[in-house]
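Q: Listed here are the chains, written in short residue letters.
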Amino acid sequence: MAYVAPAPAEVEEVELYHAHSFITKYVFSQDAKVIAIQYSSVAIAIGVVGLVLSSLMRLQLGFPESFSLIDPAQYYQFITMHGMIMVVYLLTALFLGGFGNYLIPLMVGARDMVFPYVNMMSFWIYLFAVLLLVASFFVPGGPTGAGWTLYPPQAILPGTPGSGGGIILMLVSLVFFIIGFTMGGLNYVVTVLQARTRGMTLMRMPLTIWGIFIATVLALLAFPALFVGGVMLLLDKVLQTSFFMPVILSLGEQLEYGGGSPILFQHLFWFFGHPEVYIVALPAFGVVSDLISVHSRRNIFGYRMMVWALVAIGGISFIVWAHHMYVSGMNPWFGFFFATTTLIIAIPTALKVYNWVLTLWKGNIRFTIPMLFALGFIVTFTNGGITGLFLGNVAIDVPLSDTMFVVAHFHMVMGVAPLMVIFGAIYHWFPLMSGRMMDETLGKIHFWVTFLGAYLIFLPMHYLGFLGVPRRYFEMGETNFIPASAQSLSAFITVVTVIVGVAQIVFFYNLFKSMKSGEIAEKNPWKAASLEWQTPDQPPGHGNFGAELPVVYRWAYAYGVPGAKEDFVPQNLHPDEVGEAGAHEASEE
Amino acid sequence: MSLFSQLAEKPWAAEQAAIDDLHSGGEFTLPAPQVGLRVFLGFASVLFTLFIVVYVERMVFSDWHALPEPWLLWVNTAILVFSSAGLQWAWVSADKNQADGVKKGLYVGGVLAFAFLTGQFLVWQQLVNMGYYASSNPASAFFYLLTALHAVHLLGGLVAWGRTAVKLQNGLSMAQLRGSIELCAVYWHFLLVVWIVLFGLLLFT
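So the sequences go chain by chain: A and B. With the working numbering, the residue at position 478 of the first sequence is 478, and numbering never jumps. With the working numbering, the residue at position 31 of the second sequence is 31, and numbering never jumps.
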């Protein structure tokens, strides 16, 4: 059947902000692509600080008597800052502020975000939050050492490192982060809802956008809990209120606090903290779906189920939070409820893993760097997910609580796994952002060292946990139950950590060198069907799509369409130009 | 079209493509700023709801001593109702293209909002003079915290209100102003509802 064109495919134009000077173009820019790069640069820079902190901690753990780089107080401070930096200031900011800003307008066919000025403010407030965080390293007493969960009462009492200026700066920084994020989040949500181009229905959006969209909705619902907890803890610290502070004796004297409930803070924190895991994971799920589809030249298997799974995971993630609090003391029925919901969330998650694998099945797999990282993600995420099933069960969690097993679990599932996706995404979209390719050999070295290294670090760490090695200990000393060989294993982990840490220099070298002198990328080098690669310029210019906005005629996964000229059909290619006349385009599942 | 039926679409099927090609892209007929405001109101609702939940959780502990309720709070509530009504008047007038009503409504709404904030500040002073400090009891701490949070939201609204007033001064047409006025009015009504809920909470506990 010949294609009958719908009524004139016009797309309503939007008024676009135009920069007039260097400052408004590159510094106080309102262009989402520039904001994305600003967000990413700041997030990666602070992430490197987090990485250095982890190496310092590992040197202490692996060789307790040999290096005297840090003292116990600093160890606590570094744990805290490493955790907070990586979870909030790196991963959340990079996935949503970085990839969200760059990809949402391009992938839905918009010229820019709907509120460019608010978007710009979002970045500057984020930068301010990061600077406050960094400033806490330089105040008397140093940054807070309360652990990234910031549990009261210890978080704000003397005796905990950084209980003066450190904790105050931490909490104020978080409040600003949330304000800045909310401004960005409004943009991401409304742009996805309202600024799509003609023909771009919700179900034609690439899964990357679905992941970022659902994650943003989660963040807008979850961050208020951190805001509430943070503000009230700040008041407990600064104004001596007793929202969370119980009656406390300190050095034999009764403090002015009394009557508050520390558990209340824990509920608030984890009501934010658990969805936060998915705020990081859902964009990773989305991005990896697209990487796998493009680099195996197949449409994503079960697109609709992938969307449903994202929505379901997002929903369920709000009713599992207390599985972080099994040892805080709770009604057994309460624990039973949260264990059940926690295990249920494995269903949509497993569904996604099956669909990724089934997409690869009989695919024309290309072992490009993005594909390697995507495969690395699937394996790592599955591994980390399975140990999550252990910890989700109350009976198994209680003995494993506060051991290295927990540390290994969450590093696999929400540290290494999302980082795999971030690296894959950078290698994948770098040609679009810079117009140049990254070096493949260096990329492979980077991948294999990082991927194998991550396993050499975290698999033995599970074993340490089984032995009973506790987390958050500056130094083990001698015990009656942990064999001396545990220390050798710990030293091994430290050596690998340092190697993997140093190997990231290869990545940065590749990044900067390719930016300057990398091979010029051909247009749409991966032959992807989604809209961001169909811009007239590569990298896309201000306004993204040249004179006319694109019109979308199909979903983002038209690979291997029978009768088409190439093995992919761009979303915006007019049906008349797809292939030989009569070739029917839609491929039935 | 409902969200559920959209999620059931098969984007790869030819018959669905024929429907999808006609899709204009946007999800709602509302303009983007209106959608943005509603998303923000969702966010703010979650925020206030969480504060209320924590308030109720904290209240059950034995050290809770309810605050006195200064009569000025009733006056403030009435002022905020009239402030909201003023903006509603401006909104209705903008729909009817009555420049005079827009001007009066907008100014009444804004000035009364400032009056409300001043009134809240006076309540704070009264309570402090009576010896109710933030640190003396969780009930008073919550009172200061919640009223401050509400005031900060209203101040944010007043920034938007100020920008609208400047636009009005610059002689923008009703059609150009209507969107901003509607945003202000919707936001004011939201904050009025939040205040009534908070005030009720303070009265009954």
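Mixed in with the good hints there might be a few duds.
What the hints assert, rightly or not - Have a look at the derived ranges for each label pair, beta carbon to beta carbon: (1) D402/A x T118/B: 17 to 23 Å; (2) W74/B x E256/A: 30 to 36 Å; (3) E566/A x P31/B: 36 to 42 Å; (4) R472/A x A8/B: 44 to 50 Å; (5) E256/A x I196/B: 31 to 37 Å; (6) P483/A x T49/B: 48 to 54 Å; (7) P246/A x T49/B: 41 to 47 Å; (8) Y17/A x H189/B: 29 to 35 Å; (9) E256/A x T49/B: 27 to 33 Å; (10) A99/B x I344/A: 55 to 61 Å; (11) S62/B x F508/A: 36 to 42 Å.
Said to hold, decoys possible - Below, in silico cross-link-like pairs of lysine to any residue (SDA-like), each with a Cα-Cα straight-line distance of 20 Å or less: (12) K10/B x L351/A; (13) K444/A x R366/A; (14) K10/B x A312/A; (15) K237/A x L146/B; (16) K167/B x H574/A; (17) K10/B x K523/A; (18) K10/B x W308/A; (19) K237/A x V277/A; (20) K523/A x H574/A; (21) K237/A x A134/B; (22) K237/A x Y55/B.
Calculated directly from the structure, the hints in this document are not laboratory data. For glycine and all other residues, C-beta sits at the position ideal for the given N, C-alpha and C.
Q: Are the hints correct? Go through all of them and say.
A: To see whether the hints hold, each was checked on the structure:
no.	hint	verdict
1	D402/A x T118/B: 17 to 23 Å	52 Å, violated
2	W74/B x E256/A: 30 to 36 Å	33 Å, holds
3	E566/A x P31/B: 36 to 42 Å	39 Å, holds
4	R472/A x A8/B: 44 to 50 Å	48 Å, holds
5	E256/A x I196/B: 31 to 37 Å	34 Å, holds
6	P483/A x T49/B: 48 to 54 Å	51 Å, holds
7	P246/A x T49/B: 41 to 47 Å	25 Å, violated
8	Y17/A x H189/B: 29 to 35 Å	30 Å, holds
9	E256/A x T49/B: 27 to 33 Å	30 Å, holds
10	A99/B x I344/A: 55 to 61 Å	58 Å, holds
11	S62/B x F508/A: 36 to 42 Å	57 Å, violated
12	K10/B x L351/A	18 Å, holds
13	K444/A x R366/A	13 Å, holds
14	K10/B x A312/A	19 Å, holds
15	K237/A x L146/B	18 Å, holds
16	K167/B x H574/A	44 Å, violated
17	K10/B x K523/A	30 Å, violated
18	K10/B x W308/A	13 Å, holds
19	K237/A x V277/A	28 Å, violated
20	K523/A x H574/A	19 Å, holds
21	K237/A x A134/B	12 Å, holds
22	K237/A x Y55/B	18 Å, holds
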